[in-house]
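**Student:** Okay, here's what each chain looks like letter by letter:
There are 2 protein chains.
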Amino acid sequence: MQPTRVVVLAGGFGGARMAHGFALLGEHVQLSVILNTGDDLELHGLHVSPDIDTVMYTLAGIANNDTGWGVRDETWSASEMLGRFGEPTWFRLGDRDLATHIARTRRLAAGVGLTDATAELARALDVHAQLLPMTDDRVRTQVRTAAGWLDFQDYFVRRHHADDVLELRFEGIESANATAQVRAAIDAADVIVVAPSNPFLSVAPILSVGGILARLNAVRAPVIGVSPIVGREAVRGPAAQIMHSLGEEPGAHGIAMHYAHAWPGLLDVLVIDSVDAAEADAVNATGVRAHVTGTLIGAQKERRRLAQEILELAGAL
Amino acid sequence: MQPTRVVVLAGGFGGARMAHGFALLGEHVQLSVILNTGDDLELHGLHVSPDIDTVMYTLAGIANNDTGWGVRDETWSASEMLGRFGEPTWFRLGDRDLATHIARTRRLAAGVGLTDATAELARALDVHAQLLPMTDDRVRTQVRTAAGWLDFQDYFVRRHHADDVLELRFEGIESANATAQVRAAIDAADVIVVAPSNPFLSVAPILSVGGILARLNAVRAPVIGVSPIVGREAVRGPAAQIMHSLGEEPGAHGIAMHYAHAWPGLLDVLVIDSVDAAEADAVNATGVRAHVTGTLIGAQKERRRLAQEILELAGAL
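For the record, the sequence lines run as chains A and B. All residue numbers for the first sequence refer to the numbering used here, where the first residue is 1 and numbers rise by one. All residue numbers for the second sequence refer to the numbering used here, where the first residue is 318 and numbers rise by one.
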């Protein structure tokens, strides 16, 4: 039997867990993950791709599950020394993690694209899924707050996403194009999954890259989203807070509304959590079919179960 | 009283110990160390300056005295991960050490010269001595062996300096010039010390940089060398072996002969170890005055004692 070709659109935290669920289904699934790179940054002269790395470490089985980022059994010697040298340390890089950025930066400096560099790193860590940066072009998410426009990690990490988000922009997005690998993965997909990632910060950059949204709208494969909001709060991160500051209603219904307005016709189904079952009718009324189930996927068993359930859902469409 | 202005020409191991001796004399000495950069290499896209770092870590009091290189209380997480990514790991870089190379490389990439970058790093580690790369220009020592021309660290670290050295060259030396800081330090020196470093691999590159040898020959300050050979063996490294393969006589007298032939008139005094006292007359016969004393300076007390003795010797000249 041919494996089911699954494409997951993913940010870091929720994206990694959702992608992991499909990876855990083994040979039944051929997994491609299209990854947000709007969160990328340069630190100490190194190219850091937080979302790529969170997904890569998770699929490699070396993620730090306590923090939700970085590598487990990490040490912090370089970071301490970098601090002595006056380098910024608000974005914490462990020693193992640092090696990833060094290996990536060396490849990029040698003229290798981010897609090929990522493939090499993932292969070295025995990751079987295809990890695809949304583009090889430079895109940088910026956030307007009362303090003005901030670089994404400045807002997110340094200022602990405490500012109200007034506006978002993806610097460079006008000239960013989907790679051949991203296009091929979408075209060949049997099912497309929008991970329970932040729609503003993780999904929007991906869908804004030239060629991706049009292609997703054109494919026949079902597109199934998973709500990152459970019981009016984001499982992690500032999604609910951003919805609030942008005048949207935080909740499963609000997520459905947001998708329906921002990207009409994209989602066939929105998977919402059982605690939000009462919002199913309101979700359905937006034109996106609600599917109610458990969406908390901290445990591997749950990741795998949700992935399996999404495949069955897609098969029934 | 004005401090005595001491300039030390130094490689890594012996250079660090000798420079440390003068640093330990505190405010009585204003220390500048002119450092060999022919051993520098690029690893993982980072600029590594082994001799600079050995001296810097030693003067900062964070050197690993067991290995003679690197930082003490080191961890190796990044190195292990770099290995997984297929990066070369024969030149071992600890996590703290790696931070130095990252901080240096970022500065160089921003257009800061190696001299200024080194000054910033040394200041951050509370090193009071002026650490001066011999040049800001790129020089790379290469070694001809039966296996052909090898990059220095390939010969020295990867192949454990096991090959016979047939010839040496310093790639880039023709267009390498002494920095303004090196020139000023030499011109202002009260005493110039050639550390017990390898004359072929550490001292020769320094003396080959445009402007340095001529300046040393012109200054009135005494130039005092310390033999790196004790009892016909190098305290560390391949000096004796190289002398042998180049047809020179390994020993205190051989060192004096080498200096007298390669750089006639440079040394006023050669400090040789007590175990080599019998060679003093032969050393004197080369035109370089022998001074016999203990030159094993593993212990801080001995480093300081030898530095003090050299200052007294210089004062008496």
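Don't take every hint at face value.
If you anchor each label on the Cβ, the simulated ranges turn out as follows [what the hints assert, rightly or not]:
(1) A:His28 x B:Trp407: 49 to 57 Å
(2) B:His477 x A:Arg169: 51 to 59 Å
(3) A:His128 x B:Ser562: 48 to 56 Å
(4) B:Glu484 x A:Pro88: 25 to 33 Å
Over 12 Å on every C-beta distance to chain A, these chain B residues come out as not near it, computed from the model [stated by the list, open to error]:
(5) Met318
(6) His361
(7) Trp393
(8) Gly400
(9) Gly403
(10) Asp412
Partner residues are not named here, just some residues of chain B that face chain A (Cβ under 10 Å, in silico) [said to hold, decoys possible]:
(11) Leu363
(12) Arg409
(13) Arg413
(14) Gly428
(15) Gly430
(16) Thr432
(17) Ala595
(18) Glu626
(19) Glu629
(20) Leu630
(21) Gly632
(22) Ala633
Keep in mind the hints are simulated off the structure, nothing from the lab. All C-beta atoms in this analysis are idealised placements derived from N, C-alpha and C, irrespective of residue type, glycine included.
**Student:** Now, for every hint given, state plainly whether the structure supports it.
**Tutor:** Going through the hints against the structure:
1. In this structure the supplied range 49 to 57 Å is violated for His28 (chain A) paired with Trp407 (chain B), their Cβ-Cβ distance being about 42 Å.
2. In this structure, His477 (chain B) and Arg169 (chain A) meet the distance hint of 51 to 59 Å, their C-beta atoms being roughly 55 Å apart.
3. Range check, His128 (chain A) to Ser562 (chain B): Cβ separation about 52 Å, and the 48 to 56 Å hint holds.
4. Range check, Glu484 (chain B) to Pro88 (chain A): Cβ separation about 46 Å, and the 25 to 33 Å hint is violated.
5. With 12 Å as the threshold on Cβ separation, the claim that Met318 (chain B) sits away from chain A holds: the shortest Cβ distance comes to roughly 33 Å.
6. Listed as outside the interface, His361 (chain B) is inconsistent with that label: its C-beta sits roughly 5 Å from the nearest C-beta of chain A, within the 12 Å cut-off.
7. Some Cβ of chain A comes within 12 Å of the Cβ of Trp393 (chain B); the nearest lies about 8 Å off, and the non-interface call is violated.
8. The beta carbon of Gly400 (chain B) sits about 9 Å from the closest Cβ of chain A, which is not more than 12 Å, so the claim that it is off the interface is violated.
9. For Gly403 (chain B), the requirement that its beta carbon stay farther than 12 Å from each beta carbon of chain A is not met, with the minimum near 6 Å.
10. For Asp412 (chain B), the shortest C-beta to C-beta distance to chain A comes to about 4 Å, within the 12 Å cut-off, and the non-interface label is violated.
11. Because the smallest distance between the Cβ of Leu363 (chain B) and any Cβ of chain A comes to about 7 Å, under 10 Å, the interface hint for this residue holds.
12. Interface restraint check for Arg409 (chain B): the shortest CB-CB distance to chain A comes to about 13 Å, outside 10 Å, so the restraint is violated.
13. At about 4 Å, the closest approach between the beta carbon of Arg413 (chain B) and any beta carbon in chain A falls short of 10 Å, and the interface hint on this residue holds.
14. About 12 Å separates the beta-carbon of Gly428 (chain B) from the nearest beta-carbon of chain A, more than 10 Å, and the hint is not met.
15. At its closest, the beta carbon of Gly430 (chain B) sits 16 Å from a beta carbon of chain A; the interface hint therefore is violated under the 10 Å criterion.
16. At a threshold of 10 Å, the smallest CB-CB gap from Thr432 (chain B) to chain A is about 16 Å, leaving the interface hint violated.
17. Because the closest C-beta pair between Ala595 (chain B) and chain A is about 47 Å apart, greater than 10 Å, the hint is violated.
18. Checking Glu626 (chain B) against chain A by beta carbon gives a least distance of about 34 Å; that is not within 10 Å, so the hint is violated.
19. Contact between Glu629 (chain B) and chain A, as hinted, is not supported at the beta carbon level, the nearest pair being about 36 Å apart and thus beyond 10 Å.
20. Here the hint on Leu630 (chain B) is broken, as its CB sits about 37 Å from the closest CB of chain A, past 10 Å.
21. Hint status for Gly632 (chain B) relative to chain A: violated, with the closest Cβ pair at about 37 Å, above 10 Å.
22. At a threshold of 10 Å, the smallest CB-CB gap from Ala633 (chain B) to chain A is about 41 Å, leaving the interface hint violated.
Comparing the model with each earlier hint shows violations of hints 1, 4, 6, 7, 8, 9, 10, 12, 14, 15, 16, 17, 18, 19, 20, 21, 22; every other hint is respected.
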